[in-house]
Amino acid sequence: AQTVTQSQPEMSVQEAETVTLSCTYDTSENNYYLFWYKQPPSRQMILVIRQEAYKQQNATENRFSVNFQKAAKSFSLKISDSQLGDTAMYFCAFILPGAGSYQLTFGKGTKLSVIP
Amino acid sequence: DTAVSQTPKYLVTQMGNDKSIKCEQNLGHDTMYWYKQDSKKFLKIMFSYNNKELIINETVPNRFSPKSPDKAHLNLHINSLELGDSAVYFCASSRLAGTYEQYFGPGTRLTVT
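In the order they appear, the protein sequences are chains E and L. Under the numbering used here, residues 1 to 116 are what the first sequence spells out, in order. Under the numbering used here, residues 1 to 113 are what the second sequence spells out, in order.
Careful: at least some of the hints might be erroneous.
As the list claims (entries may be wrong) - With a straight-line Cα cutoff of 30 angstroms, these simulated DSS-like cross-link-like pairs (lysine-lysine) come out:
| no. | chain 1 | residue 1 | chain 2 | residue 2 |
| --- | --- | --- | --- | --- |
| 1 | L | LYS71 | E | LYS111 |
| 2 | L | LYS36 | E | LYS70 |
| 3 | E | LYS78 | E | LYS55 |
| 4 | E | LYS108 | E | LYS78 |
| 5 | E | LYS108 | L | LYS44 |
| 6 | L | LYS44 | E | LYS73 |
| 7 | E | LYS108 | E | LYS73 |
| 8 | L | LYS52 | L | LYS40 |
| 9 | L | LYS19 | L | LYS52 |
| 10 | L | LYS19 | L | LYS44 |
| 11 | L | LYS9 | L | LYS41 |
| 12 | E | LYS108 | L | LYS9 |
| 13 | L | LYS40 | L | LYS67 |
| 14 | E | LYS111 | E | LYS55 |
| 15 | L | LYS36 | E | LYS78 |
| 16 | L | LYS67 | L | LYS44 |
| 17 | E | LYS78 | L | LYS41 |
| 18 | E | LYS70 | L | LYS44 |
| 19 | E | LYS55 | L | LYS44 |
| 20 | L | LYS36 | E | LYS108 |
| 21 | L | LYS36 | E | LYS73 |
| 22 | E | LYS111 | E | LYS78 |
| 23 | L | LYS22 | L | LYS67 |
| 24 | L | LYS41 | E | LYS70 |
| 25 | E | LYS78 | L | LYS40 |
| 26 | L | LYS9 | L | LYS19 |
| 27 | L | LYS40 | E | LYS70 |
| 28 | L | LYS71 | L | LYS22 |
| 29 | E | LYS108 | L | LYS19 |
| 30 | L | LYS40 | E | LYS108 |
| 31 | L | LYS67 | L | LYS52 |
| 32 | L | LYS71 | L | LYS36 |
| 33 | L | LYS44 | E | LYS78 |
| 34 | E | LYS108 | L | LYS67 |
| 35 | L | LYS40 | E | LYS111 |
| 36 | L | LYS40 | E | LYS73 |
| 37 | E | LYS108 | E | LYS70 |
| 38 | L | LYS41 | E | LYS108 |
| 39 | L | LYS71 | L | LYS19 |
Because the hints were derived from the structure by calculation, they are not lab data. Quick caveat, the model's predicted, so the values are computed rather than measured.
Make the full structure from the sequences, and use the hints.
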């Protein structure tokens, strides 16, 4: 079975600083897609960034970037210039397109608090 | 212009009742999903459905049933509600191509008393 592990249940960062959230996953497949989702107190699930496993280049979206290490099965999220609005739960997730169901498998989440 | 919408956002009901949660997407996606988020914030797939196939997570009780009147809608029916069904339920949708990104509705907080 595929699994996603987020080893940091909670983290905090000072406003304007940089923080890195860890994620590791386990799969024997070669073709998959990785995602980070953000869930603020409003409860809405928001897609932050995605990474295709076949791409070597790390994805970047404005202040958000990933460090994708395929051999190590690691997919960490870096948030630069942290803002108060970044306070949220962050979930790492992946999809195996060849598995048939296209379901997202989620980690247990990291609660990030940005401190003014 | 909401992409994925769910109604209601909050649902409080008593044990033993039957209830439904509606989901609609206007993204033109071909696949829809239901996820359950428990009190510890853990998200787990319940169903995935496109116009060809329903895939059910084997751990989901058969009191839960998805119903899709058309490609844009996937409703969730729950019979004989139990206390343990209290959770937040999310609907999502995606294309079965490209990057497989899933877009989520705002969630429905179900409380069973």
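* Asked: Checked against the structure, which of the hints given earlier come out wrong?
  -> Going through the list in order, the structure violates hints 1, 8 and respects the others.
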